[in-house]
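Chemist: The primary structure of each chain is shown beneath.
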Amino acid sequence: MFGELIRQKSFGVSLAVFLVLLLAPSFLPRFYIYLLAVIFVTALLAMSLNLCVGHGMLFQFHHGVFYGVGAYTAGLLLAKTSIPWWMAFVAGPLAAAFAGLLIGLFCIRLNKLYFGMLQISLGSLIWAIAFRWYGLTGGDDGIHGIPIPDFIASTTGSYYFVLIVLGICLFLMYLILKSPFGSTLQAIRDNPERCAAVGIHVRHHQLKTIVIATFFGGVAGVLFVVVEGSIFPDLLFWVLSLEIFIMCLLGGWFTFAGPILGAAIIVSLRTFVGTYTEYWTLILGVILILLIFFLPEGIMGYNYRQLFRSRTKYAHDSQME
Amino acid sequence: MLRVEDLHKSFDDFKAVNGAHLTVESGQLVAVIGPNGAGKTTLFNLITGQLQPGRGRILLNDEDISKLPPHVICRKGIARSFQIANVFPRLSVFRNVQVSVLSQQKLSNKLFRPASQIAVEETGRILESVGLVDKKMDLAGSLSHGDKRILEIAIALGNEPELLILDEPTAGMSPDETATTMALIQRLAADQGLTILFCEHDMEVVFGTAQSIMVMQQGGTIVQGDPQTVRHNTEVQEAYLGDE
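Quick note, the sequences are listed as chains A and B, same order. First residue of the first sequence? That's 1 in the numbering used here, and the numbers climb one at a time after it. First residue of the second sequence? That's 1 in the numbering used here, and the numbers climb one at a time after it.
Just so you know, these hints were derived from the structure itself, not from any lab. A couple of the hints might just be wrong.
[Claimed, not checked] SDA-like mimics (lysine to any residue), calculated; alpha carbons at most 25 Å apart, straight line:
hint	chain 1	residue 1	chain 2	residue 2
1	B	Lys110	A	Phe27
2	A	Lys208	B	Phe207
3	A	Lys112	B	Ala85
4	B	Lys110	A	Leu105
5	B	Lys110	B	Lys136
6	B	Lys106	A	Val90
7	B	Lys110	A	Leu175
8	B	Lys67	A	Leu175
9	B	Lys110	A	Val90
10	B	Lys106	A	Leu105
Values in this document were obtained by computation on a predicted structure and should not be read as measured data.
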């Protein structure tokens with residue numbers, strides 16, 4: 001069943017990249033290992049968002065909330081209870097998916113921008129809970145020094161854990177997008193009305209997509225806890241949601257791996273430019289403007305056009321090969 | 001098989017469909033004609049659930065379907081094409097048809113099996129029957145207008161419908177394309193025993209192919225009958241055919 005996937009050229013390339021990343025801790029300084037781990041976490045978050053945005057044309061404007069719900073669930077369980085670590089890790093994504101289902105049930109009744117606006121309001125409610133409920137969440141301070149199991153507590157340990165989980169999640173997302181479910185989702189993106197006329201329950205399908213995407217968002221949240229050992233309300237703030245939205249657009253929202261590239265660029269910029277000026281969002285703004293004018297389909301979307309100019313007509317359907 | 005009884009639909013004060021009647025018998029090729037704005041497209045949208053009627057009944061095999069949403073109506077055996085080419089532009093021609101075949105086979109929710117290995121034969125057969133096999137890897141958005149219209153019919157066929165509704169299948173086509181498309185429609189009706197309901201501007205096309213013709217004017221039905229009856233109906237001659 002996976003034979004076709006494994007025979008593809010890009011699968012070999014991905015495998016090679018994965019192997020190099022596995023070896024990275026032996027030749028990169030610790031700071032860069034940490035930075036790579038942060039990029040992986042953010043990349044997973046952006047990839048999960050892109051299931052909705054790029055492949056489903058669902059304007060999931062406040063995806064950060066589900067990241068936060070995953071992180072808070074895992075973080076609180078680890079810090080305040082004595083349940084085994086793996087149960088806390090599983091609970092994070094499940095809680096995020098449940099929040100996705102709840103918020104999705106309301107939002108899915110609306111279209112496009114209205115969908116996104118309602119989501120921002122409902123998501124902000126969850127942010128307010130995290131921000132205000134000092135007794136449980138530590139309010140705006142958050143919780144720091146969350147006990148992480150020993151084997152993944154070191155920089156290298158957390159790096160490997162994040163890398164492997166990211167690899168598994170990307171593989172699952174790839175399968176989902178290539179499955180009948182994914183094809184149908186992309187058809188809904190292109191033309192919801194036509195989909196209803198071929199017997200597809202459009203809203204159900206979109207809701208399932210949201211639940212899947214928020215589940216992976218929750219996984220990213222758990223990984224954040226593993227890397228940083230802390231949680232704070234900024235994780236659920238709308239600014240972060242906007243950032244990951246831009247990552248999808250920047251990397252190429254109609255491509256499979258685009259958001260990874262977008263996340264790498266933005267996290268690196270934030271890290272390196274952020275040391276020179278606190279106004280680094282200004283640079284983000286400029287990037288966004290340039291993007292809209294010159295690369296409306298993102299960097300990988302543009303690349304695809306260039307690389308496959310001779311067979312442009314195949315580009316989109318084989319975009320994920 | 002399909003019976004439309006005294007159907008009404010208003011948009012604000014405008015009565016788009018105002019007392020429409022229609023009967024489609026199993027295996028028939030039925031045409032709806034009428035001048036622009038007579039309410040043909042609205043009638044089709046009412047039948048397939050894109051719009052909800054204000055009054056009247058739509059019976060499919062004696063079951064009232066007038067209040068059902070489009071995807072349920074489709075599952076009951078009515079598939080359709082749209083007047084404006086309505087395909088999935090960023091997907092390949094193959095995928096376009098496969099999506100509807102998957103929906104028909106209730107496989108749209110399969111998560112972890114590659115779609116490239118499911119329903120390939122059925123999809124290929126449909127593409128073969130409409131003559132789009134050579135273009136199956138092309139992006140639907142890059143097809144010519146005529147091919148998009150054909151693809152639309154192919155998507156509808158993916159649902160294995162009992163009744164196929166085509167909204168002006170030859171709109172915007174060259175005379176050659178029109179002839180090819182009408183031949184295709186007749187062949188589908190003959191080979192697969194499909195019941196087809198379509199609307200059309202071109203009189204020659206309609207009187208040449210349809211077994212039963214329903215004439216609409218200002219939202220209402222003037223008459224429905226075989227081509228001879230319709231041609232000789234005085235009301236139709238006055239209202240629509242004019243000098244003919």
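Chemist: Compare the structure with each hint and give your call.
Modeler: Here's how the hints hold up against the structure:
no.	hint	result
1	B:Lys110 to A:Phe27	violated (42 Å)
2	A:Lys208 to B:Phe207	violated (48 Å)
3	A:Lys112 to B:Ala85	holds (22 Å)
4	B:Lys110 to A:Leu105	holds (22 Å)
5	B:Lys110 to B:Lys136	holds (23 Å)
6	B:Lys106 to A:Val90	violated (31 Å)
7	B:Lys110 to A:Leu175	holds (10 Å)
8	B:Lys67 to A:Leu175	violated (37 Å)
9	B:Lys110 to A:Val90	holds (23 Å)
10	B:Lys106 to A:Leu105	holds (23 Å)
Against the hints set out earlier in the document, violations occur for numbers 1, 2, 6, 8.
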